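Engineer: If you want the building blocks of each chain, they are given just below.
There are 2 protein chains.
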Amino acid sequence: MNIAILFGGSSFEHEISIVSAITMKKVLKKSTLTYIFVSPDRKFYLIDTAKINSKLFSSGEYKKSKELTLRQGGFFADGMFGSKSIDVDVTLNLIHGRDGEDGKISSMMEFFNIPFISPRMEASALSYNKLYTKFLAESLGVKTVAYEYLSKNDERKITMDYPVIVKPVRLGSSIGVSIVKEASKLDYALDVAFEFDTDVIVEPFIEGVKEYNQAGCYTSNWELSIVEEPQKEEFLDFEKKYMDFSRDSQVLAADIDDAMTSKIQESFKKIYNSLFLGSIIRCDFFVVEGEILLNEINPIPGSMANYLFEDFEGMVERLFKNLPKEQKITVDYQYIHSIQSAKGKA
Amino acid sequence: MNIAILFGGSSFEHEISIVSAITMKKVLKKSTLTYIFVSPDRKFYLIDTAKINSKLFSSGEYKKSKELTLRQGGFFADGMFGSKSIDVDVTLNLIHGRDGEDGKISSMMEFFNIPFISPRMEASALSYNKLYTKFLAESLGVKTVAYEYLSKNDERKITMDYPVIVKPVRLGSSIGVSIVKEASKLDYALDVAFEFDTDVIVEPFIEGVKEYNQAGCYTSNWELSIVEEPQKEEFLDFEKKYMDFSRDSQVLAADIDDAMTSKIQESFKKIYNSLFLGSIIRCDFFVVEGEILLNEINPIPGSMANYLFEDFEGMVERLFKNLPKEQKITVDYQYIHSIQSAKGKA
Numbered sequence: 000m001n002i003a004i005l006f007g008g009s010s011f012e013h014e015i016s017i018v019s020a021i022t023m024k025k026v027l028k029k030s031t032l033t034y035i036f037v038s039p040d041r042k043f044y045l046i047d048t049a050k051i052n053s054k055l056f057s058s059g060e061y062k063k064s065k066e067l068t069l070r071q072g073g074f075f076a077d078g079m080f081g082s083k084s085i086d087v088d089v090t091l092n093l094i095h096g097r098d099g100e101d102g103k104i105s106s107m108m109e110f111f112n113i114p115f116i117s118p119r120m121e122a123s124a125l126s127y128n129k130l131y132t133k134f135l136a137e138s139l140g141v142k143t144v145a146y147e148y149l150s151k152n153d154e155r156k157i158t159m160d161y162p163v164i165v166k167p168v169r170l171g172s173s174i175g176v177s178i179v180k181e182a183s184k185l186d187y188a189l190d191v192a193f194e195f196d197t198d199v200i201v202e203p204f205i206e207g208v209k210e211y212n213q214a215g216c217y218t219s220n221w222e223l224s225i226v227e228e229p230q231k232e233e234f235l236d237f238e239k240k241y242m243d244f245s246r247d248s249q250v251l252a253a254d255i256d257d258a259m260t261s262k263i264q265e266s267f268k269k270i271y272n273s274l275f276l277g278s279i280i281r282c283d284f285f286v287v288e289g290e291i292l293l294n295e296i297n298p299i300p301g302s303m304a305n306y307l308f309e310d311f312e313g314m315v316e317r318l319f320k321n322l323p324k325e326q327k328i329t330v331d332y333q334y335i336h337s338i339q340s341a342k343g344k345a
Numbered sequence: 000m001n002i003a004i005l006f007g008g009s010s011f012e013h014e015i016s017i018v019s020a021i022t023m024k025k026v027l028k029k030s031t032l033t034y035i036f037v038s039p040d041r042k043f044y045l046i047d048t049a050k051i052n053s054k055l056f057s058s059g060e061y062k063k064s065k066e067l068t069l070r071q072g073g074f075f076a077d078g079m080f081g082s083k084s085i086d087v088d089v090t091l092n093l094i095h096g097r098d099g100e101d102g103k104i105s106s107m108m109e110f111f112n113i114p115f116i117s118p119r120m121e122a123s124a125l126s127y128n129k130l131y132t133k134f135l136a137e138s139l140g141v142k143t144v145a146y147e148y149l150s151k152n153d154e155r156k157i158t159m160d161y162p163v164i165v166k167p168v169r170l171g172s173s174i175g176v177s178i179v180k181e182a183s184k185l186d187y188a189l190d191v192a193f194e195f196d197t198d199v200i201v202e203p204f205i206e207g208v209k210e211y212n213q214a215g216c217y218t219s220n221w222e223l224s225i226v227e228e229p230q231k232e233e234f235l236d237f238e239k240k241y242m243d244f245s246r247d248s249q250v251l252a253a254d255i256d257d258a259m260t261s262k263i264q265e266s267f268k269k270i271y272n273s274l275f276l277g278s279i280i281r282c283d284f285f286v287v288e289g290e291i292l293l294n295e296i297n298p299i300p301g302s303m304a305n306y307l308f309e310d311f312e313g314m315v316e317r318l319f320k321n322l323p324k325e326q327k328i329t330v331d332y333q334y335i336h337s338i339q340s341a342k343g344k345a
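Just so you know, the protein sequences line up as chains A and B, in that order. The numbering of the first sequence is numbering that gives the first Met the number 0, which starts it at 0 and goes up by one. The numbering of the second sequence is numbering that gives the first Met the number 0, which starts it at 0 and goes up by one.
Don't read these hints as lab results, they were simulated from the structure. A portion of the hints provided could be inaccurate.
[Said to hold, decoys possible] Here are some chain B residues pointing at chain A (derived, C-beta under 7 angstroms):
hint	residue
1	Ser57
2	Glu60
3	Thr68
4	Lys103
5	Phe110
6	Ile328
[Claimed, not checked] Lysine-lysine pairs mimicking DSS-like chemistry, simulated, CA-CA at most 27 angstroms apart:
hint	chain 1	residue 1	chain 2	residue 2
7	B	Lys262	A	Lys42
8	B	Lys156	A	Lys269
9	A	Lys151	B	Lys320
10	A	Lys63	B	Lys83
11	B	Lys156	A	Lys142
12	B	Lys262	A	Lys151
13	A	Lys65	A	Lys28
14	A	Lys327	B	Lys83
15	A	Lys65	B	Lys42
From a predicted model like this one, the values you see are computed outputs, not experimental measurements. All residues carry an ideal CB built from backbone N, CA and C; glycine is no exception.
Take these sequences, add in the hints, and give me the full structure.
Structural biologist: See the structure below:
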């Protein structure tokens with residue numbers, strides 16, 4: 000299988016996308032990888048797989064690579080003697096944050112008829128925005144953590160008790176997130192969050208809450224990862240999460256009973272089906288008083304959460320063979336024909 | 000002002016988009032128009048403004064036009080001696096239905112940094128899907144018509160009383176919509192709707208309900224159209240709506256009192272602000288027992304609802320001057336630099 004790894008992007012998580020992408024080399028060993036970098040100014044570059052390393056990007060040296068153009072059917076390298084298609088079987092969207100998770104890349108892949116692994120547009124729009132994730136989960140019967148919603152120009156007032164956690168609505172990787180222990184500190188936390196986004200949600204911060212992560216996808220069957228209990232400090236900050244993005248070896252399953260495991264799996268399936276077909280996602284759940292609450296959907300998890308699966312590469316191949324098909328629409332111009340013939344008679 | 004009119008698309012509403020686009024010639028008289036056609040197979044063609052007519056498309060003759068490519072900053076015509084940018088000030092997205100209203104075009108315009116008039120991605124994803132529109136409206140305190148939601152594989156059972164109206168979740172222009180007067184006819188209506196979409200909503204069909212349309216946008220001020228009471232038969236079918244897409248002269252305001260007008264306007268503003276900044280939309284409301292209910296959001300209304308405005312062309316220009324700006328993200332590679340220096344020391 001020849002997989003294009005699409006990474007980078009105009010995103011606060013540009014750099015961790017590079018880390019995720021390089022990690023794929025250690026994880027997708029049997030496949031041929033074709034690296035396509037989206038620069039911070041959103042140009043596409045074909046990166047030599049043999050030479051890929053993080054310095055290539057931080058030094059700006061990538062600009063010497065071949066630039067690519069998107070057209071019907073794929074990426075193309077334009078040259079003196081015409082345009083040559085980059086030959087791959089499937090594109091794996093590994094752009095974290097803006098561009099990758101907000102639906103832009105999925106939109107383009109769909110428009111240009113390129114087979115791709117990623118949440119589709121609707122799934123992206125709903126999971127990239129933490130407020131819309133709440134709407135979605137509630138409509139599917141999956142409970143979420145209580146919240147209040149604030150826009151940049153709203154009065155800075157909340158009604159819930161402290162401590163609270165303040166999150167920009169649209170970012171991942173804990174960027175702009177703060178824990179606020181008393182009312183006097185709320186203002187500063189909001190300043191920080193509003194630097195990154197126009198909207199925030201505020202949730203109760205639950206000390207020592209049990210957190211469990213479930214990743215997976217639907218191929219021709221459900222393929223669910225082990226349930227992981229992430230190691231936690233107060234919460235993972237950006238640098239700690241960053242290290243997470245380069246993980247490539249398996250972790251141990253959380254020490255929970257079968258009943259809890261299956262409750263978590265059922266919640267995952269409710270969220271995934273059918274909106275997330277075509278993607279590998281990770282859902283992070285809290286367990287509070289025996290109840291499963293969805294904390295977050297990671298539509299493009301760090302290094303695709305490969306370390307939670309026994310046969311990650313096999314799963315990617317099976318997913319590629321079971322991608323959702325776009326509905327075919329035939330345009331037959333019958334209305335225009337009928338207007339023309341009506342005019343002809345007049 | 001030089002406006003690119005983007006129209007066509009891989010959509011059940013491809014043909015009405017052509018009608019909308021041609022209508023713009025009669026409406027945007029002071030501007031220079033550059034027509035860019037998205038063919039049913041999603042290629043971009045530069046159409047000669049002087050020669051545009053519906054037959055150009057139904058005959059397939061458009062294929063002789065210059066094909067364009069999307070790159071950073073705009074559309075480009077590639078030739079023997081390099082690539083030439085198509086010079087326009089702003090792109091008006093006039094693709095109804097899939098591609099235009101679902102967020103694909105907005106995604107691409109944003110990715111390639113092209114100033115455009117259209118709902119942005121999130122606004123598109125939420126308004127293209129009638130179920131998500133309900134979530135959105137409810138979260139903003141705007142009431143909607145009661146509904147039940149059915150997926151293709153769900154049991155075909157509803158609990159509400161007949162008559163009901165069955166609508167595919169993702170289409171406009173009444174495509175696939177049926178009124179069902181008794182339980183025995185539900186199955187057939189669902190068959191029709193599921194031909195177009197995997198999901199449907201069912202709503203009570205309210206005989207003789209008062210319907211009012213409000214269009215508008217926010218430039219540096221609110222610019223709201225007159226409130227129109229659309230002429231109704233049982234409901235507008237596709238062919239009747241189709242004629243609507245070529246309207247280019249003003250209609251009369253609905254005969255309602257100021258209190259009702261301002262209630263409708265307030266509901267419109269709640270929906271529009273701030274999600275729909277950068278777009279001209281039309282909201283269709285029902286009034287039931289004095290209460291305003293959102294029926295539908297038309298993110299790209301037929302011929303941009305120009306006939307509801309006194310100074311449509313001036314408004315387009317003011318909107319162009321007040322388009323929302325994308326947040327700037329600077330990538331400084333500080334994390335990669337810090338990893339490299341840590342490695343260097345080791």
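Engineer: Are the hints correct? Go through all of them and say.
Structural biologist: Okay, the hints, checked on the actual structure:
no. : hint                   : result
1   : Ser57                  : 4 angstroms, holds
2   : Glu60                  : 12 angstroms, violated
3   : Thr68                  : 6 angstroms, holds
4   : Lys103                 : 4 angstroms, holds
5   : Phe110                 : 5 angstroms, holds
6   : Ile328                 : 5 angstroms, holds
7   : B:Lys262 with A:Lys42  : 46 angstroms, violated
8   : B:Lys156 with A:Lys269 : 20 angstroms, holds
9   : A:Lys151 with B:Lys320 : 22 angstroms, holds
10  : A:Lys63 with B:Lys83   : 22 angstroms, holds
11  : B:Lys156 with A:Lys142 : 25 angstroms, holds
12  : B:Lys262 with A:Lys151 : 25 angstroms, holds
13  : A:Lys65 with A:Lys28   : 24 angstroms, holds
14  : A:Lys327 with B:Lys83  : 33 angstroms, violated
15  : A:Lys65 with B:Lys42   : 23 angstroms, holds
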